[in-house]
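Visitor: Sequence:
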Amino acid sequence: MTMLANRLTRSLNIRHPIVSAPMAFAGGGALAAAVSRAGGLGLIGGGYGDPTWLEEQFNVANDQRVGLGFITWSLRKSPSMLTDALRRRPAAVMLSFGDPRPFVSEIRQAGAILICQCQDLDHVADAVDVGADIIVAQGAEAGGHGALRGALTFVPEVADFLAKHSQNAILLAAGGIADGRGLAAALMLGADGVLVGTRFWASKEALVKERHHTAILETNGDGTLRTRVADIARQLPWPPGFTARIRRNAFTDRWDGREELLKQNLAVEGPRYRQAFMEGDPDNTGVWFGEAAGLIQSIEPAAVIIEKMVADAALRLTEHNGLTISRV
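Counting in this note's numbering, the sequence shown runs from 3 upward without gaps.
Worth flagging that the hints you see were computed from the coordinates, not collected in a lab.
The reader is advised that the hints may include incorrect statements.
[Unchecked claim] Using 27 Å as the maximum straight-line C-alpha spacing, the simulated DSS-like pairs for lysine-lysine come out as follows:
hint, residue 1, residue 2
1, Lys206, Lys310
2, Lys310, Lys79
3, Lys310, Lys211
Given only the sequences and the hints, what does the whole structure look like? Please build it.
Guide: This is the structure in structure tokens:
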């Protein structure tokens, strides 16, 4: 078995430097447990706050060592969600899209590792200020919510920042990482590991409708866009600066660029969006994956995804893709 050991794997007590993103509605207990069994760390997606669902997903994980993640601005509306979740002794808690400060003390007292996902350097500075154990530098290539920075420059810039201001903080790269090339590149850019979303969204254990899985196999990297229309249709008050990367489809064709008109028609379009999502309709609702769609050709078990990713990354890191170095 190929292994890539470093300070991330030692810190999390895992075999591979891979963490699954806590994707709302898709990253349930089965996926998190599968990633952890395969040697990474799986995170359950806490989403917008459904304590019954979250309890069910911890039960599905069946005492496998997993963590979880929360949308921080939403968690502030129901902080008891965190208290209840910490009773399940998660290995780590990831906070994204909001000020982590109201929750840091409780996470620390529970003995969980604190992960903060960041989309710009101000977010990184905040994460350092609260003493985050792990910082995620999320590029705009990522599926779901994010901001504007591209991973290729953002990850090494965060690595440089941490080298100056918080050398003990561990760095994960996120956004567009779906195979061994991405893992190897992230390590070369200065990350200690990767947070993987879209590739695990396209796994057998993910809570994703069959037709949505079919859609990702039919979509290349040009087939997504960053937009606000899904949040408008769902009437979710996302803070300024964050948009969602979803698949281009009939829904986005109708409404992207016509946001004010969509708001005026929510009485009809809101229920239509939700019904299409429940039915697994890939054309008339948000389909939540990122630019890595163009690198995915099959829906596979999470363990197979990890095995291939690690083996390919190790090969590329040792063979240097046939590069010849000459000194003159």
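Visitor: Now, for every hint given, state plainly whether the structure supports it.
Guide: These are the hints, each one checked on the structure:
| no. | hint | verdict |
| --- | --- | --- |
| 1 | Lys206 to Lys310 | 15 Å, holds |
| 2 | Lys310 to Lys79 | 40 Å, violated |
| 3 | Lys310 to Lys211 | 24 Å, holds |
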